[in-house]
Each structure stands twice: as structure tokens, then as C-alpha cells.
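*Asks:* Make the full structure from the sequences, and use the hints.
Residues per chain, in single letters:
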Amino acid sequence: MPKRSNEPLLWSLFSAGGVVAAFLIPVHLFLFGVAFPLGWLPDPGYQRLLALVRHPLTRIYLFVLCSLPLFHWAHRFRYTLYDGLQIKHLNELIFTFCYGGAMAGTAAAGYLLWTIR
Amino acid sequence: MADTIALEVTRYCPERDAEPSFQTFEAPLRKDWVVLDALNYIKDKVDGSLSFRWSCRMGICGSCGMMVNGEPKLTCATFLSNYAPGPIRVQPLQYFPVVRDLVIEMTDFLNKLKAVKPWIVRREEKPLSAGEYLQTPEQMDAYKQYSMCINCMLCYAACPVYGLEKHFKGPAVLALAQRYNKDSRDQGAGERTDLLSQEDGIWDCTFVGECTKVCPKNVDPAGAIQQYKLTATIEWFQSLLMPWGAK
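Taken in order, these protein sequences are the chains called A and B. The letter at position 62 of the first sequence is residue 62 when you use the numbering used here, and the numbering goes up by one with no holes. The letter at position 70 of the second sequence is residue 1070 when you use the numbering used here, and the numbering goes up by one with no holes.
Accuracy of the hints is not assured; some may be wrong.
[As the list claims (entries may be wrong)] List of simulated lysine-lysine pairs, DSS-like, C-alpha gap at most 30 Å: (1) B:Lys1166 with A:Lys88; (2) B:Lys1114 with A:Lys88; (3) B:Lys1213 with B:Lys1031; (4) B:Lys1117 with B:Lys1217.
[What the hints assert, rightly or not] Which chain B residues stay away from chain A? Per the calculated CB distances, all over 10 Å, these: (5) Lys1043; (6) Pro1087; (7) Arg1100; (8) Glu1105; (9) Thr1107; (10) Ile1120; (11) Ala1130; (12) Leu1134; (13) Gln1139; (14) Met1140; (15) Asp1141.
I should point out that these hints are in silico values taken from the structure, not numbers from a laboratory. Glycine residues also receive a C-beta, built at the ideal position from the N, C-alpha and C atoms.
*Replies:* Here it is, written out as C-alpha cells:
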């Protein structure tokens, strides 16, 4: 039997990250980048937001919000390097850099969200 | 409107020429003429040695695909007047080896096509006396769009991934595999999985989408490939979680 690819795992992270990045990040940009600073919506203030972040569900949500788009980036950037710069022969390096970067970002997000008090 | 238009046509005879060159011909610029009519005019009246493939002249046979001003086109459906005052540059479909002039070598495509079993696969054929395999209009709609493919290979000439990865199965082959996978009469999806789920099956595709854009029959190979990526991903997770399950 020919070797099955592990791409499905990477692609599903890529797709999930794309959905998160396309649907959720614009909401955050709108709220924190436009609506609160311009006073369109009442500013919740630092203390209330911190209380919100302390809730475990918010932490899980923010973890997903940080992690999945990183894997989306990793996949997209890997293929951009392959096809755009045509350096597929550096596959191991590119692979490690892209998905390693996403994993490092995920670990950093996890650490910060875990330790916030 | 001027009464003639210039065509810069690729001339190449691999046994004789070191590399392809262009030769310019003048052809009548008639309102009802397509690029293929101009090529036939040149072959009949000016230079009988010009080589190109064509057959039906009506967008059914898929033989006359060429690059027209850098875009993959069926030359039988590409009107000269759209390119007036010219010149029009006519080249063989890109990313394929050239046999001569505008004729490309398509063995690679045909081998890949055959490999995905583009026919209805049955575990057991019904005897003729048992009658037809019936299908509802909804079941037919599931695959009909893909069955419109005429194997013209414009999607290969449009696909930058195929240009880089010669092993990539490519848009039409993957769309035709889906055409049979989605057919309620077919039972061959399992036999096609191993081939389609490889790196050079669906996973080389980066969803550029040019294949769908250039298709003269409005097939959506890019969509077919994305659909199959989802199918393959679900199967991958299933075989991971339930390795004992039958493929």
C-alpha cells in the first residue's frame, strides 16, 4: 500500500485556523481596535476584562484564538516558500521553522494564559 | 476594423530546432472567425507545415487547447475580433512537452487519468436481466458538473502547481475521480483513495483556483479537490481513531 500522507492533520489545523482567523479575529479587531477606542460601545475597562480572562472558558477560547491561526499561517507560509520561492529542497528546514514556530507560539500563549492571575 | 490580423505562432521542430521561435502570419479578420479558423487558413493557404490538433470546432472534443496571448483557451471558441487589432500570440499549452509547433505531448495526463479509474467500478456487476442502475435527479446532480470535462487540459496549463510538480495528478484527473466517487452507481471510491490521498494526489494543490477559472465547460476542479481534502481528512482521523476499521 502506498504511504498515506500526514497532510490531513496539518490541513485540518490549517482549515480550522482559517475559519477562526476569518470569523473571530475581525470581531476582536472591531471591538478593541475601533468600537471601544471610538466610544461606539462602552469601554469594559481593564479590571472587568481581567476578570473575564480569569474564567477558564475565556482562557480556552483565547488559547484556541491564538493557536489555530498560527497553524494556519505555518501551512500557508510553508507552501508560499515551496512554490513562491521554489525552495522545496529545504523542506526539513521550512517544515521545522513553520510548524515549530506555530508550536512555540502555541506554547507561549498557553503559558501566558495559564499564569495570568 | 482592419481586414487582417497578425498571428505570432510558435514554430518548433525538436529534431531540427534548438528552441521554439515565433513566425508571424496574416489572416483575414472576419467577425465570425475564431483563432482555430485563422490557423486552418494559414495551414491551407500559407504554410502547410504548421502543426496543431483540432477536430470538432465546437467545444466538445477538447483537442484545440492552446495558449492565446498567454492564457489557456480552446481556440475554437476564441474569437479573433476580441483581440483586434492584434497581434495574437498563439503558443502550445504550457507545462507540457512539445511534439511539434502547437502540438503537445499528453501521455503524462493520460497515464494519470487512467490511474484513478475514471469509470464506474462495481464490486459485482448486475446481470443484464436485472435492468438498469437507477438514479434520482438529486443523485445525478451530485456529479453531473464534473462529467462535463472534455479532457482539454486547459486546467493543467493554468495550474502553477502542475508547472512546478510534474508528479501532481492535476485538476482534471482529480475532478474526474470525484465525478465517479460521487456517482451513486460507483463503488470504487475505496480503490481511488490511496492514489488521491497521496502528496501528489490532492495534497499538492494549494487552491490557486485558476483551473476553475479557465475551464471552458464550467467544471470546478478546485472545488472537487477541496471537497476531497475534507473527505480524506475525515478518513485519516477515522483510521487514526479506529485503526481496526475497514478501509
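*Asks:* Each hint needs a verdict: does it hold in this structure or not?
*Replies:* Here's how the hints hold up against the structure:
1. B:Lys1166 with A:Lys88: Holds - the C-alpha atoms of Lys88 of chain A and Lys1166 of chain B are around 14 Å apart, at most 30 Å.
2. B:Lys1114 with A:Lys88: Holds: Lys1114 of chain B and Lys88 of chain A sit about 28 Å apart, inside 30 Å.
3. B:Lys1213 with B:Lys1031: Measuring from Cα to Cα gives roughly 25 Å; hence the hint holds.
4. B:Lys1117 with B:Lys1217: Between Lys1117 of chain B and Lys1217 of chain B the Cα gap is close to 22 Å, so the pair holds against 30 Å.
5. Lys1043: Given that every Cβ of chain A is farther than 10 Å from that of Lys1043 of chain B, nearest at about 38 Å, it holds.
6. Pro1087: Non-interface label stands for Pro1087 of chain B: nearest chain A Cβ at 31 Å, farther than 10 Å.
7. Arg1100: 29 Å, holds
8. Glu1105: 24 Å, holds
9. Thr1107: For Thr1107 of chain B, whose nearest Cβ neighbour in chain A is about 22 Å away, the distance exceeds 10 Å, so it holds.
10. Ile1120: 23 Å, holds
11. Ala1130: Answer for Ala1130 of chain B: holds, closest chain A Cβ roughly 34 Å.
12. Leu1134: The claim holds: Leu1134 of chain B sits with its nearest Cβ about 34 Å from chain A, beyond 10 Å.
13. Gln1139: Holds, since 27 Å exceeds 10 Å.
14. Met1140: 29 Å, holds
15. Asp1141: Check passes; 25 Å lies beyond 10 Å.
Checked against the numbered hints above, the structure violates none of them.
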